[in-house]
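Between the sequences and the hints, there should be enough to build the whole structure, so can you do that?
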Amino acid sequence: MMDLGPHAAFIWMSYGVVIGGLAALVLWLIHDGRKQQAVLDDFEARGITRRSAQSGGTE
Amino acid sequence: MRLFSENLTCVRGGREIFSGLSLDVQGGECLLLLGPNGAGKTSLLRMLAGYLKPASGTIRLEDGGEETGEDITVGEACHFVGHLNGVKSQFTVRENLAFWACFLSGEKNGESDAAVIEKALGAFALSSLCDIPAGYLSAGQKRRLCLARLLVAARPLWLLDEPTVSLDKKSQVLLANAVNAHVAGGGMAVAATHLELGIENAQTLELGGRGGRQ
Amino acid sequence: MSGFKSLVARDIRLALREGGAIGTALGFYLIVIAILPLGLGPDLNLLARIAPGVLWVALLLSALLSLDRIFLNDFEDGSLEVMIIGPLPLELIVAAKSIAHWITTGVPLALIAPVLGLLLNLDINAFGVLVLTMLVGTLGVSFIGAIGAALTLGLGRGGLLLSLIILPLYVPILIFGVGSVMAVIVGPSSFTASFMILCAISLAAIVLAPWAAGAALRMKFQ
Amino acid sequence: MLRFANPTWFMNFSARLLPWLVGLTALLFAIGLYMSFFTAPPDYQQGETVRIMFIHVPSAWLAMMCYGLIAVSSIGLLVWRHPLADVSAKAAAPIGAVFTFTALVTGSLWGKPMWGTYWVWDARLTSVLILFFLYLGLIALRNAIDDEVQAGKLSAILALVGTVILPIIKFSVNWWNTLHQPASVMRMGGSTLHSSILYPLLVMAVAFTVLFFALHMKAMRNEILRRRVAALRITQVDEAMTPQAAE
Numbered sequence: 001m002m003d004l005g006p007h008a009a010f011i012w013m014s015y016g017v018v019i020g021g022l023a024a025l026v027l028w029l030i031h032d033g034r035k036q037q038a039v040l041d042d043f044e045a046r047g048i049t050r051r052s053a054q055s056g057g058t059e
Numbered sequence: 001m002r003l004f005s006e007n008l009t010c011v012r013g014g015r016e017i018f019s020g021l022s023l024d025v026q027g028g029e030c031l032l033l034l035g036p037n038g039a040g041k042t043s044l045l046r047m048l049a050g051y052l053k054p055a056s057g058t059i060r061l062e063d064g065g066e067e068t069g070e071d072i073t074v075g076e077a078c079h080f081v082g083h084l085n086g087v088k089s090q091f092t093v094r095e096n097l098a099f100w101a102c103f104l105s106g107e108k109n110g111e112s113d114a115a116v117i118e119k120a121l122g123a124f125a126l127s128s129l130c131d132i133p134a135g136y137l138s139a140g141q142k143r144r145l146c147l148a149r150l151l152v153a154a155r156p157l158w159l160l161d162e163p164t165v166s167l168d169k170k171s172q173v174l175l176a177n178a179v180n181a182h183v184a185g186g187g188m189a190v191a192a193t194h195l196e197l198g199i200e201n202a203q204t205l206e207l208g209g210r211g212g213r214q
Numbered sequence: 001m002s003g004f005k006s007l008v009a010r011d012i013r014l015a016l017r018e019g020g021a022i023g024t025a026l027g028f029y030l031i032v033i034a035i036l037p038l039g040l041g042p043d044l045n046l047l048a049r050i051a052p053g054v055l056w057v058a059l060l061l062s063a064l065l066s067l068d069r070i071f072l073n074d075f076e077d078g079s080l081e082v083m084i085i086g087p088l089p090l091e092l093i094v095a096a097k098s099i100a101h102w103i104t105t106g107v108p109l110a111l112i113a114p115v116l117g118l119l120l121n122l123d124i125n126a127f128g129v130l131v132l133t134m135l136v137g138t139l140g141v142s143f144i145g146a147i148g149a150a151l152t153l154g155l156g157r158g159g160l161l162l163s164l165i166i167l168p169l170y171v172p173i174l175i176f177g178v179g180s181v182m183a184v185i186v187g188p189s190s191f192t193a194s195f196m197i198l199c200a201i202s203l204a205a206i207v208l209a210p211w212a213a214g215a216a217l218r219m220k221f222q
Numbered sequence: 001m002l003r004f005a006n007p008t009w010f011m012n013f014s015a016r017l018l019p020w021l022v023g024l025t026a027l028l029f030a031i032g033l034y035m036s037f038f039t040a041p042p043d044y045q046q047g048e049t050v051r052i053m054f055i056h057v058p059s060a061w062l063a064m065m066c067y068g069l070i071a072v073s074s075i076g077l078l079v080w081r082h083p084l085a086d087v088s089a090k091a092a093a094p095i096g097a098v099f100t101f102t103a104l105v106t107g108s109l110w111g112k113p114m115w116g117t118y119w120v121w122d123a124r125l126t127s128v129l130i131l132f133f134l135y136l137g138l139i140a141l142r143n144a145i146d147d148e149v150q151a152g153k154l155s156a157i158l159a160l161v162g163t164v165i166l167p168i169i170k171f172s173v174n175w176w177n178t179l180h181q182p183a184s185v186m187r188m189g190g191s192t193l194h195s196s197i198l199y200p201l202l203v204m205a206v207a208f209t210v211l212f213f214a215l216h217m218k219a220m221r222n223e224i225l226r227r228r229v230a231a232l233r234i235t236q237v238d239e240a241m242t243p244q245a246a247e
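These protein sequences, in sequence, are chains A, B, C and D. Going letter by letter, the first sequence gives residues 1 to 59 in our numbering. Going letter by letter, the second sequence gives residues 1 to 214 in our numbering. Going letter by letter, the third sequence gives residues 1 to 222 in our numbering. Going letter by letter, the fourth sequence gives residues 1 to 247 in our numbering.
Calculated from the structure, these hints are not laboratory results. Virtual Cβ for every residue (Gly too), placed ideally from N, Cα, C.
The calculated label-pair distances, taken between Cβ atoms and stated as ranges, are:
#1 C:30 to D:43: 50 to 60 Å
#2 C:34 to B:13: 45 to 55 Å
#3 B:26 to A:34: 57 to 67 Å
#4 B:58 to A:39: 34 to 44 Å
#5 A:39 to B:28: 52 to 62 Å
Some chain D residues flagged as far from chain C (calculated, every beta-carbon gap over 12 Å):
#6 7
#7 8
#8 14
#9 16
#10 21
#11 23
#12 24
#13 29
#14 34
#15 38
#16 108
#17 124
#18 195
#19 199
#20 210
In structure tokens, the structure reads:
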């Protein structure tokens, strides 16, 4: 590995924090997306589709 | 003076309360809104008063019949009595009414106000309680103080939401007299109520029939 | 305009008659200032140096306590609902209530500040400046606070949320308030410069806050 | 934003666009990281620690840009009543908070070797800290209100108030900083950079921006799904309430 000088620890730590933080965000977004999709599919299965909802709602 | 609105639709919290509703109240008429809970009576009244924007449809208050084109916004021309009384418990009955007289009518609270306040107190049998802090009043008396506000500032349209809440028989008669006097004087009133208010020649509008919300 | 004056007079009479609201703000202000030397140690010249900053921060926190009083009481008993459809436009109602809050909370806090300054060994010739800057600053505090009060009206733990939302917005007032007082005591910078900016912030708050708070209130009643 | 007219159209459009964005982000990051570690020379004063700048500056820049996006979405909601503006603002706030947080942490990790302490009240770091509080305030306000429509509009007001006050905060913090501390020892990046450092920084900045748009789009998709679930729950409740009424 290339020598990052005396403060290599700080460099790795800051890259670690950024990559860690963004990875956590990405994982959460993917998880949340799957969870909502699952609930929606469950509604679909039970025949309650948006077409039947005549209310204006947020569409 | 004429309150006119056509195919009003009200949507609250992603749910449609009522749609395609029209009403037309002329000067000197009283409209009673009947219907079960959740039928949208309160929503309609709040919409007429200007709190709620209708999802579709228009509300207009035409002044004096001839097309003046410029309609006064409903808010400035109406009294709205909701479920809450709008009574400050630290102030005495008279101070409460004095504030509303000055605030709602907008001009200096001069001599004329004192007379108006006395008349309003008399109309709702509050004269004996006028110097007692409102905090001591019973629920019925507070409701009467709230209704007395209708008389301290001249406004053509009265929007009353369950005005008879916590009123005893005698007070309901006082309310009916006040509304009759107001309507006889050319004013308009729209009231949502369950009890028979004893108001002569009142039209009724059934809400909650459509949409199957029981 | 008489509607405006009657609303301000009513709010002031209400606060005086109730008494509690003003009392708690002053009491809290006194306690925070009294506790600090216990925490930081009795070193007088340390206290003298941090006195303006501490007085200002404690002032902001005490004003924050009574901010939800601006709308909450009237919201809960229905008066606000009636006022909103009264002749007075919503923005002027917000302005009237903010001015009433300033008179019943901002001014007493500003007037009592020099007395607390004694506890912190504040430099005597800074007293006049302290009161002046606080009078101007609390005007901005009340108006910007009205935005927060309108936004968190009727919410569960409104008080906590109010401080989280509003304190960042108080940073400019705090910086220029303390800056102008420090300018008199030790000051590299001139007093008039920072004081003028403080006045500008408060004036901007007076003009802009009613619009934001009015819009928020209008939505609360839908 | 106006082109994404309605949620359904947006869902199809983003479903097609998202994979490309993710691919582009990965590519840009690969180039950016390679450049920042291998081609960029160590700084004559700071030595290797200058490499922290390649992620600190873009994070801070993204934090500001995200707040700008929230402000534009808020205007879109309050002024043009755009159906997707509220979704965009709600989706952007947490992402902005994460970028601000990473900017703060990397800033303080960079400060340690350079100034010897983890936190120094440098004007820019302090402003980013206050920006972080504004983000927390936005998220907290939105969570405290259960009625969705009201939550959106009130958060939009707070976001706009924040946008008006942000430059004043920036100005006052800078003024305050110069008052208490001589100009900070090391200028944190800036246009005087040598091209060998400027290019990696620009590539990383673009990489972060594309990443942000990918994250924001994904978050908006999730939010739209969440609102559809809520709408279906209301329909379910209504249908349960009136089984006998004809649909």
